[in-house]
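Based on the hints, put chain B in the right spot on chain A.
Protein chains in written order, with my numbering: chain A, 25 to 289; chain B, 25 to 289.
Where hints are given, some of them may not hold.
Copies of the same chain are indistinguishable here, so a pair counts whether it falls within one copy or spans any two.
[Said to hold, decoys possible] Dumping the calculated BS3-like pairs for lysine-lysine here, alpha-carbon to alpha-carbon at most 30 Å: (1) 244 to 98; (2) 122 to 209; (3) 79 to 226; (4) 79 to 91; (5) 244 to 226; (6) 122 to 91; (7) 79 to 98; (8) 125 to 226; (9) 231 to 209; (10) 125 to 231; (11) 91 to 104; (12) 79 to 231; (13) 122 to 244; (14) 79 to 122; (15) 91 to 244; (16) 104 to 244; (17) 122 to 231; (18) 125 to 79; (19) 104 to 125; (20) 231 to 90; (21) 122 to 226.
None of these hints come from the bench; they were simulated from the model. Note that this is a predicted model, so its numbers are computed, not measured.
There are 2 protein chains.
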Amino acid sequence: MLRSCAKLLRTLGAVRGPPGGRRLPGSEPRPALRLFSSEEVILRDYSVPNPSWNKDLRLLFDQFMKKCEDSSWKRLPSYKRIPAEKIQDFKTHLLDPKLMKEEQMSQTQLFTRSFDDGLGFEYVMFYSDVEKRMVCLFQGGPYLEGPPGFVHGGAIATMIDTTIGMCALMAGGVVVTANLNINYKRPIPLCSAVMINSQLDKVEGRKFFVSCNVQSADEKTLYSEATNAEVEANLGFVSGSSWLHIPNFQHQDSLPLRDDQHRSA
Amino acid sequence: MLRSCAKLLRTLGAVRGPPGGRRLPGSEPRPALRLFSSEEVILRDYSVPNPSWNKDLRLLFDQFMKKCEDSSWKRLPSYKRIPAEKIQDFKTHLLDPKLMKEEQMSQTQLFTRSFDDGLGFEYVMFYSDVEKRMVCLFQGGPYLEGPPGFVHGGAIATMIDTTIGMCALMAGGVVVTANLNINYKRPIPLCSAVMINSQLDKVEGRKFFVSCNVQSADEKTLYSEATNAEVEANLGFVSGSSWLHIPNFQHQDSLPLRDDQHRSA
Numbered sequence: 025m026l027r028s029c030a031k032l033l034r035t036l037g038a039v040r041g042p043p044g045g046r047r048l049p050g051s052e053p054r055p056a057l058r059l060f061s062s063e064e065v066i067l068r069d070y071s072v073p074n075p076s077w078n079k080d081l082r083l084l085f086d087q088f089m090k091k092c093e094d095s096s097w098k099r100l101p102s103y104k105r106i107p108a109e110k111i112q113d114f115k116t117h118l119l120d121p122k123l124m125k126e127e128q129m130s131q132t133q134l135f136t137r138s139f140d141d142g143l144g145f146e147y148v149m150f151y152s153d154v155e156k157r158m159v160c161l162f163q164g165g166p167y168l169e170g171p172p173g174f175v176h177g178g179a180i181a182t183m184i185d186t187t188i189g190m191c192a193l194m195a196g197g198v199v200v201t202a203n204l205n206i207n208y209k210r211p212i213p214l215c216s217a218v219m220i221n222s223q224l225d226k227v228e229g230r231k232f233f234v235s236c237n238v239q240s241a242d243e244k245t246l247y248s249e250a251t252n253a254e255v256e257a258n259l260g261f262v263s264g265s266s267w268l269h270i271p272n273f274q275h276q277d278s279l280p281l282r283d284d285q286h287r288s289a
Numbered sequence: 025m026l027r028s029c030a031k032l033l034r035t036l037g038a039v040r041g042p043p044g045g046r047r048l049p050g051s052e053p054r055p056a057l058r059l060f061s062s063e064e065v066i067l068r069d070y071s072v073p074n075p076s077w078n079k080d081l082r083l084l085f086d087q088f089m090k091k092c093e094d095s096s097w098k099r100l101p102s103y104k105r106i107p108a109e110k111i112q113d114f115k116t117h118l119l120d121p122k123l124m125k126e127e128q129m130s131q132t133q134l135f136t137r138s139f140d141d142g143l144g145f146e147y148v149m150f151y152s153d154v155e156k157r158m159v160c161l162f163q164g165g166p167y168l169e170g171p172p173g174f175v176h177g178g179a180i181a182t183m184i185d186t187t188i189g190m191c192a193l194m195a196g197g198v199v200v201t202a203n204l205n206i207n208y209k210r211p212i213p214l215c216s217a218v219m220i221n222s223q224l225d226k227v228e229g230r231k232f233f234v235s236c237n238v239q240s241a242d243e244k245t246l247y248s249e250a251t252n253a254e255v256e257a258n259l260g261f262v263s264g265s266s267w268l269h270i271p272n273f274q275h276q277d278s279l280p281l282r283d284d285q286h287r288s289a
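For reference, chain A alone in the conformation it holds in the complex (with noise of 0.2 Å):
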């Protein structure tokens, strides 16, 4: 389920692209996300190279980023939280102070972002627009453990979850995934460099169908599979027992894909 501040933002109009949270043509992700009408506030872009990526993240991502020199990909740049202060009245409405003490509140980290450097979860994602596909290069650190050795299956599955949800996103606009549907075939070493692969399938009213594979950076070895993960256009958010409805929804009932993009379900 893809669960990004940034999505919940540009929900709420704070992160404003074109309707439908389709990007221009050729417009460059943002260097830093602009927070309400005046305010702007430069945050730390996670989605690069740090000392700990190992060469292959790194061969990896300079692949992308040849990719990305004619505009056919964009790298998406990522966050690890937006300050509360910046979102104080925005948060009040979605914590629950009978839940969450006033510190818990500030403390809110975006889950994949929640480890230090090398940690936890380093990666970057490529989108293509014209290929409705998005590819994150995901190096799991050691906090990650599942098995001695092994990233936790857990944490793969908050791999493809956000990867599948992101490709959503940008094809499509705002998303929560309703169903994730994981194979795993093999265990994947701790820090080892993999290839997050996701695919735009096809659109049936608010419904978006993505496929996700897991492969090596060699693409040798296919480690987990996603098979048609269903996403929904998201019309509102739960808040306790009531629903609580977000305004600036910009609904696309079709997305047009190329004929070859079509699959059957």
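For chain B alone, kept in the frame of chain A given last:
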């Protein structure tokens, strides 16, 4: 995919129990893991209340501890990691020095225990051998955030995976998750207590089928469901491109269930 230290250590004969991974009737959970023949390391058991646990989680914990009094249910202890020096020889078989620096090898932590108290996964599991049920009481901290105020879908998948894996492990021995199919119904508020109920449905040869749902503490809200998750008895681990055979594996082809516990696939 359950990938816990305890699981692999059991496979390797480090944590010895009755054949097939079953506990002797009436036996208590161990206060600490016994590591290899003569060495014993006392590690902090994280599956007990700490100051970050909210009232609901504490109430549920007390209710289940009450159920443990007649030994029909057992609380499962849970550890962050096993000190590197204690499993150095073991680790060298599984960690790839080409991928990991020595410093990283000594930093590994079980993913679900890799956050400080209250920030990430707070949970405790209880198992009923008679019912073949595992219940995980879980509270997701502020570092597990997806959309503002809610637990990331990947963190939910992680806890479902861990719970169904532990259910199959307790019922039948060493396992890895082969397939995980999750339907997300409603987002889970950060810092709320939820109950993850898993049930061993049937066993077919090496395959264990486990169902699971995630409910609010008052059982009125269904957050997620995992249907027919397929967990396989594990005969070995992949290391690079070759299979690493694990000694002392006790394979159990079939597991007696009560008739009413069998469900169709």
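Hint check:
no.	hint	in the structure
1	244 to 98	within (25 Å within a copy, 43 Å between copies)
2	122 to 209	between (42 Å within a copy, 22 Å between copies)
3	79 to 226	neither (35 Å within a copy, 45 Å between copies)
4	79 to 91	within (19 Å within a copy, 52 Å between copies)
5	244 to 226	within (27 Å within a copy, 34 Å between copies)
6	122 to 91	between (48 Å within a copy, 28 Å between copies)
7	79 to 98	within (22 Å within a copy, 46 Å between copies)
8	125 to 226	neither (42 Å within a copy, 43 Å between copies)
9	231 to 209	both (27 Å within a copy, 14 Å between copies)
10	125 to 231	neither (36 Å within a copy, 44 Å between copies)
11	91 to 104	within (26 Å within a copy, 41 Å between copies)
12	79 to 231	neither (38 Å within a copy, 38 Å between copies)
13	122 to 244	between (50 Å within a copy, 18 Å between copies)
14	79 to 122	between (47 Å within a copy, 10 Å between copies)
15	91 to 244	within (21 Å within a copy, 50 Å between copies)
16	104 to 244	neither (32 Å within a copy, 33 Å between copies)
17	122 to 231	neither (34 Å within a copy, 42 Å between copies)
18	125 to 79	between (42 Å within a copy, 13 Å between copies)
19	104 to 125	both (21 Å within a copy, 25 Å between copies)
20	231 to 90	neither (33 Å within a copy, 45 Å between copies)
21	122 to 226	neither (41 Å within a copy, 40 Å between copies)
Hint violations for this structure: numbers 3, 8, 10, 12, 16, 17, 20 and 21, all remaining hints satisfied.
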